[in-house]
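Undergrad: Sequence:
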Amino acid sequence: LSQLPGWSVQPDGSIVIATGNDDALGLYRCTPYNSYGTAGESRPTRVLLKVRSPSGSPSWLCTPCQAPSNCPSALQDPPAFTVRPKEEYFQEVGRELVIPCAARGDPPPTITWMKVGSVGKSSARVDGNSSLVLHPLIKEQHGVWECTATNQVASVTTATSVHVLGTSPHAVTNVSVLPLLLAANISWEPGFDGGYFQRFSVWYTPLVRYPPRAHHDWVSLSVPAGAQHLLVENLQPDTSYQFSVLAQNKLGSGPFSQIVTSVPRGKGSSPKHPWCPRSHLVPTSAFSPGFPVTTVPPEPPAMTVHVFLSPPRALTANETVRGVLLRWDPPARASVALSGYALELRQDKGGWEVLERSIPGTDTQVLVPGLIKDAFYEFRLVAFAGSYISDPSNTVNVSTAGMEVYPSRTQLPELLPQPVLAGVIGGICFLSVAVIFSTMAACIMNRRHAARIRKRRQ
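Our numbering runs 2 ahead of the 1-based position in the sequence shown.
Read the hints as simulated data drawn from the structure, not as lab findings. A hint or two may mislead.
Each computed SDA-like pair below joins lysine to any residue, with the alpha-carbon atoms no more than 25 Å apart [as the list claims (entries may be wrong)]:
1. Lys141 to Gln154
2. Lys117 to Thr162
3. Lys88 to Thr162
Please model the complete structure; the sequences and the hints are all you need to start from.
TA: Following this line, the structure appears as structure tokens:
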């Protein structure tokens, strides 16, 4: 650097170039070191140089070895976003959703949109402002969309998630099967619920013939509300089974998940190693070509689990004239008497907050007013019994698009608590009796007064 006038190194290792010229063009790497050596050099960074002529129009400064036709590509500005889309968008199916995206660069970049994981041409379009226009919004447009700005220098990408409300649920993912003794434990990750409460069912069939049977010939088992796993028992040992998971909400059924094949263990089988069970997934290519193979985790060590309090069940949400009414069923199992519930809420995928922590254990519904208009809410319940707290219930989604706003605190459906209501009713009854007695006394006094006046006249 001492041979380059105007170049210097700062104490923090930065390079300062006082005057930019063709000597500054190129790739740079930084290598930190001390008395013990170095861990290696940094990733390279490229220095580009652009100058302007006295007239103000851009002119390109090229190194002598570059042909004139190559100069602009080395000296232009890469794209930079000036408007980025939000991280998430929530919109009802059938409506219009416009997602902005803009970038600058030299030359001006081209903006393109693409749905991650999509196959084929999308029905979406891009308007004159480079915004993504989804109209009418359909279920298949749910997912992650990427906005890419590209020019001759570079390409940059930003992403956003689109949630389409008011549809049937999406397929579950990451289905895995843990083979057990004459049983199998199926677990999965729920897909988007379409804006409504969703339930799951596990479908299975033995592989006794080829090709595999259609889903309507399979055995189905309902999954408890809010659960993401199910134990399928009474299976035949050393027999291959196929499993699939189906999600449903009030608008219908989603697609079946991928099919996973597994072999339950027999009574005489034992793992070869403590961490590796002998039974394993049979490759689906041996029975049904085209289905993906899912690897299941090793069987955890056996242990006794005592369930003291199961979560509230079947939480649902309904819009009323006073707000959103939540209803649920009590926990199925509790080792001690149920003492109450706590209602949790989060808005637009933010953090969970406690909205109401003193709901009596005898109640199975609560009214939630005061929601912000055109927002997306999620609700869930936890139960209390003695010193135990249950896992959260299933989550219900509420969109307030087009709803009225009820600016008051969360309250139970009753107008007044039962003790207060009983006191009010008792007071009204006492007041009514007092009014009746007062009226009767007044009538008697009036009659006596009239009788005295008649006697005086006589």
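Undergrad: Are the hints correct? Go through all of them and say.
TA: Hints versus structure:
| no. | hint | in the structure |
| --- | --- | --- |
| 1 | Lys141 to Gln154 | violated, 36 Å |
| 2 | Lys117 to Thr162 | holds, 10 Å |
| 3 | Lys88 to Thr162 | holds, 6 Å |
Of the numbered hints stated above, the single one contradicted by the structure is hint 1.
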